Amino acid sequence: MHYHWQGKDLLLSCHLQPKATKDEIVGLHGDSLKIRIMAPPIDGRANAHLIKFLAKTFGVTKREITILSGELGRQKWIKVEQPTKFPDILQIDPESRP
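Remember, this note's numbering sits 2 above the position in the sequence shown when you count from 1.
In short, the hints are calculated from the structure, not lab data.
Treat the numbers as computed from the prediction; the structure is a model and nothing was measured.
Hints may contain errors.
Stated by the list, open to error - Estimated spans, in silico, between C-beta atoms of each pair: (1) T23 <-> M3: 25 to 31 Å; (2) I44 <-> K10: 30 to 36 Å; (3) K24 <-> K87: 14 to 20 Å; (4) D45 <-> H6: 30 to 36 Å.
To be verified - Computed cross-link-like contacts, PhoX-like style, restricted to lysine-lysine with a CA-CA straight-line distance of at most 25 Å: (5) K36 <-> K10; (6) K36 <-> K24; (7) K81 <-> K10; (8) K54 <-> K21; (9) K64 <-> K81.
Just so it is clear, CB atoms sit at the ideal spot from N, CA and C, and this is done for glycine as well.
Sequences and hints are given; from them, build the entire structure.
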């Protein structure tokens, strides 16, 4: 499963593809959510760009996005604190949260 709830916070398993032509969530990659971002994986730019993209996508501030693990790799666990928006591609039911 590419996500689960921890209280009202959303935990996402993500597979990141840096240096893409545009920022987008493309679907599943195994048990992870595949996310393409334009930033290169240099000096933390990809992580910073990912946080900005996810904050906008889920309707939260950048402060409410945390990379829990995988800062130096493509596989990451991301925490989104109390998201207010849910992209259709994720197929997440906001009513299923505790």
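Evaluation of the provided hints:
no., hint, in the structure
1, T23 <-> M3: 25 to 31 Å, "holds (29 Å)"
2, I44 <-> K10: 30 to 36 Å, "holds (34 Å)"
3, K24 <-> K87: 14 to 20 Å, "holds (19 Å)"
4, D45 <-> H6: 30 to 36 Å, "holds (31 Å)"
5, K36 <-> K10, "holds (23 Å)"
6, K36 <-> K24, "holds (13 Å)"
7, K81 <-> K10, "holds (11 Å)"
8, K54 <-> K21, "holds (15 Å)"
9, K64 <-> K81, "holds (11 Å)"
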